[in-house]
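**Q** This note's numbering numbers the first residue of the sequence shown as -14 and each following residue consecutively.
If you are wondering where the hints come from, they were derived from the structure by calculation, not from laboratory data.
Worth double-checking, as some hints may not be accurate.
[To be verified] Straight line, CA to CA, 16 Å or less: simulated EDC-like cross-link-like pairs of lysine to aspartate or glutamate:
no.: 1; residue 1: Lys106; residue 2: Asp142
no.: 2; residue 1: Lys79; residue 2: Glu90
no.: 3; residue 1: Lys102; residue 2: Glu90
no.: 4; residue 1: Lys123; residue 2: Glu134
no.: 5; residue 1: Lys172; residue 2: Glu134
no.: 6; residue 1: Lys102; residue 2: Asp55
no.: 7; residue 1: Lys110; residue 2: Asp73
no.: 8; residue 1: Lys93; residue 2: Asp40
no.: 9; residue 1: Lys93; residue 2: Asp73
[To be verified] Here are the simulated distance ranges between beta carbons:
no.: 10; residue 1: Glu163; residue 2: Asn115; range: 17 to 23 Å
no.: 11; residue 1: Ser127; residue 2: Ala80; range: 47 to 53 Å
no.: 12; residue 1: Ala15; residue 2: Leu107; range: 33 to 39 Å
no.: 13; residue 1: Val192; residue 2: Glu134; range: 33 to 39 Å
no.: 14; residue 1: Thr146; residue 2: Val46; range: 37 to 43 Å
no.: 15; residue 1: Gln78; residue 2: Ser169; range: 52 to 58 Å
Idealized CB from N, CA, C, for every residue including glycine.
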Amino acid sequence: MKMQLLLIILYIVSIAFLYIEHACCVCASAEYEINGHCCHMCAPGNRVLWHCTVDTSTTCVSCSASTYTDEPNGLEMCFSCSTCDAGDGLRIQKACTRLSNTICEPLKGFFCMVRKKGSCKLAVKHSQCNPGEYIQQKGTASTDTVCGECTNGTYSDGTFTACQTHTICQSMGRKQIETGTTSSDAKCEHTPNGLVIGSITGVVVVVVIVVIGVSVTQFVIFKHKSKARPGIKFTVKIVHFSYSKSLNHFIIHSKYAFCIATDRAQHAAKHMQIEKTPAN
-14 MKMQLLLIIL YIVSIAFLYI EHACCVCASA EYEINGHCCH MCAPGNRVLW HCTVDTSTTC
46 VSCSASTYTD EPNGLEMCFS CSTCDAGDGL RIQKACTRLS NTICEPLKGF FCMVRKKGSC
106 KLAVKHSQCN PGEYIQQKGT ASTDTVCGEC TNGTYSDGTF TACQTHTICQ SMGRKQIETG
166 TTSSDAKCEH TPNGLVIGSI TGVVVVVVIV VIGVSVTQFV IFKHKSKARP GIKFTVKIVH
226 FSYSKSLNHF IIHSKYAFCI ATDRAQHAAK HMQIEKTPAN
């Protein structure tokens, strides 16, 4: 009984000594413990070259290229800078320095899935909306695309930011040949090509007749006037017209010029005025 009591007392005393030793060796917040000594930590951007001893303080050295420490430390090696791998959907937002690690951000069209200490570690591509859906909310660097479904009477191929109303063929005087769905528009019967070409040809003929009539009239008027003024040169440029092969529209260009008087004609006109002036 006495032996058991003695063993219990020895156990308690040994535990007490261990606790006291541990309490005595706790280092300050700006220190680290090594080999039973409390050494001063190195500043961010530096690492330990030599640990402190009883007689010397900690010797620190700057981190080398592509390495860093961002907190006070007792490390013998700096951390390696992270890389932003395009295969993970990442690109560099802020390059690594001695004091901070590389900060990565998602590539365009991607959003961040895993983030740590302000830097994205993994990004994935924005979701694509399916036909019959519209883009309800575009994806950002931190959120995925949100899609919404089109209702009856509307459609989207998956790239629209809003569902479009089906075309009503009857309102354009055309026959519907295919019903619209949530992913495609209604299809209307095309106007016959012969009818369109005939209409365009008729309009062109009318315009040509009108322009030629105007040109001939101007020609006769100026030719009559030119008889009283010899030496006047008369030039007429006939209409030039064209229409595009498109069935939807045509273009008419017209250019004409009349009566380009030479210096000789001007001189003749002045001479005629002098002859008509009554003598004093």
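**Q** Does each hint hold? Answer for all of them.
**A** Against the structure, the hints:
1. Under the criterion of a C-alpha separation no larger than 16 Å, the hint pairing Lys106 with Asp142 is inconsistent with the structure, at around 33 Å.
2. Taken as a hint, the Lys79 and Glu90 pair is honoured in the structure, with Cα atoms around 9 Å apart against an allowance of 16 Å.
3. The suggested pairing of Lys102 with Glu90 holds, with an alpha-carbon distance near 12 Å, which does not exceed 16 Å.
4. Only pairs whose Cα atoms come within 16 Å are accepted, and Lys123 paired with Glu134 is accepted, the gap being roughly 15 Å.
5. The suggested pairing of Lys172 with Glu134 is violated, with an alpha-carbon distance near 21 Å, which exceeds 16 Å.
6. Distance check on the hinted pair: Lys102 and Asp55 sit about 11 Å apart at the alpha-carbon level, within 16 Å; holds.
7. This hinted pair checks out: Lys110 and Asp73 have alpha carbons roughly 10 Å apart, not beyond 16 Å.
8. Of the pairs offered as hints, the one joining Lys93 and Asp40 is violated, with about 56 Å between alpha carbons and a cut-off of 16 Å exceeded.
9. Distance restraint check for Lys93 and Asp73: the Cα-Cα separation of roughly 12 Å lies within the 16 Å cut-off, and the hinted pair is therefore satisfied.
10. Against the hinted window of 17 to 23 Å, the Cβ-Cβ separation of Glu163 and Asn115 comes to about 20 Å, which satisfies the hint.
11. Checked against the given bound of 47 to 53 Å, the beta carbons of Ser127 and Ala80, roughly 22 Å apart, lie outside it.
12. Distance hint check: the CB atoms of Ala15 and Leu107 are about 35 Å apart, consistent with the given range 33 to 39 Å.
13. At roughly 51 Å, the beta carbons of Val192 and Glu134 sit outside the given window of 33 to 39 Å.
14. In this structure the supplied range 37 to 43 Å is violated for Thr146 paired with Val46, their Cβ-Cβ distance being about 56 Å.
15. Between Gln78 and Ser169 the CB atoms are about 41 Å apart, so this pair departs from the stated range of 52 to 58 Å.
In summary, the numbered hints that this structure violates are 1, 5, 8, 11, 13, 14, 15.
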